[in-house]
Amino acid sequence: MLEIPVLRWGTPYESFDQQEVVHFETGEPLAKVHQANAGLVKMDMRKAQRARDLLREIPIPKLLEICKKAAELYMTAELPLGNGTQTPEEFCRIQSASTGMPEWMCASNMKKVSFVLEHMDEILDALTRGLPLDILTKGYGKEERGVMLSYQANSPVLGLVLPSNSPGVHTLWMPILPMQIGLVLKPGSSEPWTPYRMTEAFCQAGIPRECISVYPGPHDVGSTVTELCKRVMVFGGQQTIDKYKANPNVQAHGPGFSKILIGDDVVDQWEDYLDLIVDSIYLNGGRSCVNASGVWASRHTEEIADAIAKRLGPVGPTSMTDPEAPLAAFTMTGAAKAMNGQIEEGLKESGVTEVTEKYRDGDRLIEMERCDYLRPTIVHCDNPDATLANTEYMFPMASVVKCEQKDMLKKIGMTLVCSVFTEDQDWTQQLLDATQIDRLNIGPVKTNALNWLQPHEGNIVEFLFRARAFQNEPPAAH
Amino acid sequence: MTDNSNLDELVKQHQDILDAHTREHVQWHFNPETGSPYWLEKAKSFDFDPLTDVNCFEDLNKFPLFEDDELRGGPVDRWIPKALQGKPTYVFETGGTTGIPKSRVVIDDFRIDYENFSDTLPDEYFPKGANWLMLGPSGPRRLRLAVEHMAQHRGGISFCVDLDPRWVVKLIKKGKIDEVKEYSNHVIDQAMTILSAGHDIKCMFTTPKLLEALAMRLMDEGSSIEEAGIKGIFCGGTEFTQQWYRFAREELLGENVFITPTYGNTLMGLACGKPFDPADNYKITYYAPQPRAAIRVVDFDDHTKVVGYGETGRVKLFTMTKELFIPGFLERDEGEREEPHVKYPWDGVSGVRPFHKIASSTTVGVY
Chain A
381 MLEIPVLRWG TPYESFDQQE VVHFETGEPL AKVHQANAGL VKMDMRKAQR ARDLLREIPI
441 PKLLEICKKA AELYMTAELP LGNGTQTPEE FCRIQSASTG MPEWMCASNM KKVSFVLEHM
501 DEILDALTRG LPLDILTKGY GKEERGVMLS YQANSPVLGL VLPSNSPGVH TLWMPILPMQ
561 IGLVLKPGSS EPWTPYRMTE AFCQAGIPRE CISVYPGPHD VGSTVTELCK RVMVFGGQQT
621 IDKYKANPNV QAHGPGFSKI LIGDDVVDQW EDYLDLIVDS IYLNGGRSCV NASGVWASRH
681 TEEIADAIAK RLGPVGPTSM TDPEAPLAAF TMTGAAKAMN GQIEEGLKES GVTEVTEKYR
741 DGDRLIEMER CDYLRPTIVH CDNPDATLAN TEYMFPMASV VKCEQKDMLK KIGMTLVCSV
801 FTEDQDWTQQ LLDATQIDRL NIGPVKTNAL NWLQPHEGNI VEFLFRARAF QNEPPAAH
Chain B
2 MTDNSNLDEL VKQHQDILDA HTREHVQWHF NPETGSPYWL EKAKSFDFDP LTDVNCFEDL
62 NKFPLFEDDE LRGGPVDRWI PKALQGKPTY VFETGGTTGI PKSRVVIDDF RIDYENFSDT
122 LPDEYFPKGA NWLMLGPSGP RRLRLAVEHM AQHRGGISFC VDLDPRWVVK LIKKGKIDEV
182 KEYSNHVIDQ AMTILSAGHD IKCMFTTPKL LEALAMRLMD EGSSIEEAGI KGIFCGGTEF
242 TQQWYRFARE ELLGENVFIT PTYGNTLMGL ACGKPFDPAD NYKITYYAPQ PRAAIRVVDF
302 DDHTKVVGYG ETGRVKLFTM TKELFIPGFL ERDEGEREEP HVKYPWDGVS GVRPFHKIAS
362 STTVGVY
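As they're listed, the protein sequences go chains A and B. 381 is the number of the first residue of the first sequence in this note's numbering; add one for each residue after it. 2 is the number of the first residue of the second sequence in this note's numbering; add one for each residue after it.
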């Protein structure tokens, strides 16, 4: 069996505490992962500056080349993992076995990670708005128009408290090393695979091993990473988001409540957008924060809901090796049942109807011996105040909400990705001004169609670097 | 061979001592002249007579399990044996939970427990006459008085820094992590001040978390526990794992500072850790202070059945002092049953951790 050590600035550490990662369907042990204790993290964080110092010795253009090489290794190489090795195929198989994501989705997430690494030069250029990258290394410098700029790293390392169930989010931390910031990774208990494989790929490509720590461990390891790293990304539910909303050191990622809004000017042609809507709800098993959980329109909502339901209602789970497996399993005991119960409660409210039921043979909740599934669910809400009008669950579920266009911006609440189908210029301006929307797509764009040259949930450069004034000569008299 | 037969002989001797101790203390606690109102009243509900039917330690299985909820609320003097009534009495609380606390009345037990424990400490690392730092909760707990008494018993003076774990629990529940950090810094600030004040402190009691915080503060200031003058630490009060033991010895303290784990509570007194042996791979094995208290590792489904050596079970506690009688109480912990040791020739327990069936609802100590 694979045995995977803690990595303390690249040095393997075998702990007395180990946790087995098991196959979600069979319970078969897949690997033994050594567990850090919080004290180890505290001890190591005292040397965090060393990670940045080492990275700053490597010019950023060279780091960008390393990223390309790492992308190739990640996608194609048989890489060491603990006391064994892992091919890309084995990676997908084991990731699927521990997370419940179908193997083809794991492969697809690998491609996303690799794409980001391959295009890191363009991504950094876009995210820094064309900043000469040596300014990040040196701390100051002049841009092309001759203006002095200074950027100061907020932290020598970025801490990441990663999730267990959503391999796609690992793309978010790929730009960190080329910005010469070290990595402190606390993997999710069921998904140690991406952090370890990515670490090995980076190091074989040329990143000094002393720049990355990987600390699998219990909750107090995650809270220590969050406490001690001056910049941290954490992944969790709404509770996590609320907990850290006032903490500028923490970027909390949770549910996205992503939505599609259809303008009055085009809603009579709603059928033209049906494929886009279905894909936005359904791709990646509906598991991502960028999957749409709401479709809002002022009319035709019953027909829209029915058309989506007709497509998604019959969908059910298949084998994890099925190249078209549509759904991911819920591997945490009771999670699917609890969500199902919440949905049933929401359906009791007046004006709220489940539309998928008539197209589905059987129940929404499928309980199996060691895992559960939730089948796609489309709900129609005849008013935007219904509880289910603004909820999000980790499977293909969306509410089609009837709402006057003039009221939509007042009612949608926080929305990570908002795709809006309209050519109404006045409304477009209002949408551009709406601060509750993070990523805005105006036009026929799926909510889950990400452009990596655009910031995702806040600009990582702004999170890691502080723009400040710097002078090395007296200013002109004025 | 000789060692094993010696150990076997020691084990037998100590079993005899335990049996005799059991008889003596059952007679004391159930005698209408000397027993406590609680046990004299409780005895009326038994289908056996403790005075005639309990003749050895094994006979304690005749008692129903002791429920620690019985310790919540008053009047607390129902627990005081009649023979001890009128003596100066303390009341100590257990745990860091809220609500009506569990209370235990104590007259001299805490002193006796810690004097006995003191005898197990190596003088090389806990020099007689040296001063102590007690860094942990005081308030209604026995720890401060107990450690202070031990320091005095060994000829030293104890300097105390308090920490209120109930306040920390409240802060954590409210998500006020910055305030937790600030409070922790406040506690460590005081410890640093005392250590820097020329009090010749060589010994310390503290908890794993506070030791971690103190050691790292000293490192941040270019010093260390050893350079601060500390030679010996006894450490307990919250979870003390094998992994943490190794981390403490290898990284926090260095090879010249001695640390010994303890496992104890207000009901039992203080269990001792098996002396450090590199061959154990930092495994922590505890031995109760027999015969005043005994622990047995029992079957999860049948608390009267002791599991085999090396097997896992729940920790069952027995306390028999003149002040307190507990004829079997299931702790909130589980672990593996361990063989007797020549220094402690009776059953031990290793790998102590929260009982798996209640672990998810247990609040792990914060101090």
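Be careful, since some hints might not be right.
To be verified - No farther apart than 20 angstroms at their CA atoms in a straight line, the calculated lysine to aspartate or glutamate pairs in the EDC-like style are these:
#1 B:63 / B:50
#2 A:623 / B:180
#3 A:610 / B:180
Calculated from the structure, these hints are not laboratory results.
Against the structure, the hints come out as follows:
With a C-alpha separation of about 10 angstroms, the suggested pairing of residue 63 (chain B) with residue 50 (chain B) holds against the 20 angstroms cut-off. For a cut-off of 20 angstroms, the pair hint linking residue 623 (chain A) to residue 180 (chain B) stands: about 14 angstroms separates their Cα positions. Taking the CA atoms of residue 610 (chain A) and residue 180 (chain B), the gap is about 17 angstroms. The hint holds against a cut of 20 angstroms.
Hint violations for this structure: none, all hints satisfied.
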